[in-house]
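Student: With the sequences and hints as input, model every part of the structure.
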Amino acid sequence: MTCPIIVEDLDRPRQMLVEMLCEDRGIFLEIADFIKGLGLTILRGVMEMRKSKIWARFTVEANRDITRMEIFLSLVRLLEPNCDGSGAAENANKVNMPLGLVHQPVIPATGLIQ
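Quick note: the sequence shown uses our numbering, first residue 1, plus one each step.
Just so you know, these hints were derived from the structure itself, not from any lab. Wrong hints could be hidden among the right ones.
Claimed, not checked - Have a look at the derived ranges for each label pair, beta carbon to beta carbon:
| # | residue 1 | residue 2 | range |
| --- | --- | --- | --- |
| 1 | I54 | P13 | 29 to 35 angstroms |
| 2 | R12 | S52 | 29 to 35 angstroms |
| 3 | Q15 | E48 | 14 to 20 angstroms |
| 4 | R50 | L10 | 18 to 24 angstroms |
| 5 | S52 | D11 | 27 to 33 angstroms |
| 6 | F72 | E23 | 14 to 20 angstroms |
| 7 | N63 | E23 | 17 to 23 angstroms |
For glycine and all other residues, C-beta sits at the position ideal for the given N, C-alpha and C.
Tutor: Right under this line is the structure:
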């Protein structure tokens, strides 16, 4: 199974490759907006077909020190199911889990906790 989110460091400082599996073409702009919201500058963005799946691929540059893990965990929120806050969410294996295990706190890209 392939991870639906890939974040890799590039050779240049503060530049990274961000790849995310798209369910449909419409989510590409949503991903781009989300990446910009993290304080990253998109240097290049393309959509690619790999093994009959659509991938969004972005080369980004950070204006501050940000780790791959911070970006990865923030992007995971786009893949979480929409929950109304009552009951439990389901993971990919259809196992009910309490919401506290699904929703992790987000580390803002600004580094300031609100």
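Student: Determine for every hint whether it applies to the structure shown.
Tutor: Verification of the hints:
no.: 1; hint: I54 - P13: 29 to 35 angstroms; in the structure: 30 angstroms, holds
no.: 2; hint: R12 - S52: 29 to 35 angstroms; in the structure: 32 angstroms, holds
no.: 3; hint: Q15 - E48: 14 to 20 angstroms; in the structure: 19 angstroms, holds
no.: 4; hint: R50 - L10: 18 to 24 angstroms; in the structure: 19 angstroms, holds
no.: 5; hint: S52 - D11: 27 to 33 angstroms; in the structure: 31 angstroms, holds
no.: 6; hint: F72 - E23: 14 to 20 angstroms; in the structure: 18 angstroms, holds
no.: 7; hint: N63 - E23: 17 to 23 angstroms; in the structure: 30 angstroms, violated
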